[in-house]
Amino acid sequence: MSRPKRITVPEFTAFKKSGHKISVLTAYDYPTARLLDEAGVECILVGDTLSMVVQGRENTLPVTVDEMIYHAEMVGRAVDRALVVVDMPFPSNHLGIHKAIETAGRILKQSRAQAVKLEGGAEQAETIQALTNAGIPVMAHCGLRPQSVHQLGGYRVQRDRENLLDDARAVTHAGAFAMVLECVPAKLAAELTAAVSIPTIGIGAGAACDGQVLVVSDLLGLTDGYVPKFAKQYANIKQTIVDAAKQFRDEVRSGAFPAKEHEYE
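Residue numbers (our numbering): -16 to 248.
To be clear, the hints were calculated from the coordinates, so they are not data collected in a lab.
Ideal Cβ placement from N, Cα and C applies to all residues, glycine included.
Incorrect hints may appear among the rest.
To be verified - DSSO-like cross-link-like pairs, simulated, lysine-lysine; straight-line CA separation at most 27 Å:
1. Lys(-12) to Lys(-1)
2. Lys170 to Lys212
3. Lys215 to Lys170
4. Lys(-1) to Lys170
5. Lys(-12) to Lys92
What the hints assert, rightly or not - Label-pair distances were calculated between CB atoms; the ranges are:
6. Glu246 to Lys82: 53 to 63 Å
7. Glu246 to Arg139: 56 to 66 Å
8. His133 to Ala105: 17 to 27 Å
Start from the sequences and build out the full structure, keeping to the hints where you can.
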């Protein structure tokens, strides 16, 4: 049985013109990516959020390039249809153009990913242009930039209209095929979306964006502690896992498991 046709970068960009709303979810392993692809989401992001939701760290800064590639390779093997995008972890896009191309090239060569995502606006335009000139598709990330959490003073809504417009226009002009808008007031995000020709993917940026992205742990109810306002829980998998583990524990203690049907003759 042949694989379904993969969504390409040009097709992804064209969704904006056709009015097709884009769904994006994060994945960090083979089974999750397989299920999300089966569900029909247009894009799967191997996010540097794995530092927090997989590795249990307090922010996205510690994750390494090798760790991103490790997870991206699993996701890439799982996906048949969705566009796969991989985050460039901190500070890989700040080490000069040649280093950025080398890192992004490694990511694409060692996984089935089709594009990279990097945080930054106008100040990253030269790097975005260099990557696209090298044949590496780039999704930009404007608004709140988690890799700059210390500089920004925390995870705060970004309201500077002129800076955000400059960033959105700069990354578009540099050749980004799409951009994430994070924690931007809805009316401003709508203005940014109208101002550029590439799709905007919102996370905490209102319904006027061309698409939406969520961290899969938030979607499935697996997140511990603080859950941001923009996240919607669509399932409570955490309780399902806890209940299943408790039932297993109880059956082991009582001798109910394994039963006869679980044994070999």
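Status of each hint after checking the structure:
{"no.": "1", "hint": "Lys(-12) to Lys(-1)", "verdict": "20 Å, holds"}
{"no.": "2", "hint": "Lys170 to Lys212", "verdict": "17 Å, holds"}
{"no.": "3", "hint": "Lys215 to Lys170", "verdict": "20 Å, holds"}
{"no.": "4", "hint": "Lys(-1) to Lys170", "verdict": "18 Å, holds"}
{"no.": "5", "hint": "Lys(-12) to Lys92", "verdict": "20 Å, holds"}
{"no.": "6", "hint": "Glu246 to Lys82: 53 to 63 Å", "verdict": "57 Å, holds"}
{"no.": "7", "hint": "Glu246 to Arg139: 56 to 66 Å", "verdict": "58 Å, holds"}
{"no.": "8", "hint": "His133 to Ala105: 17 to 27 Å", "verdict": "20 Å, holds"}
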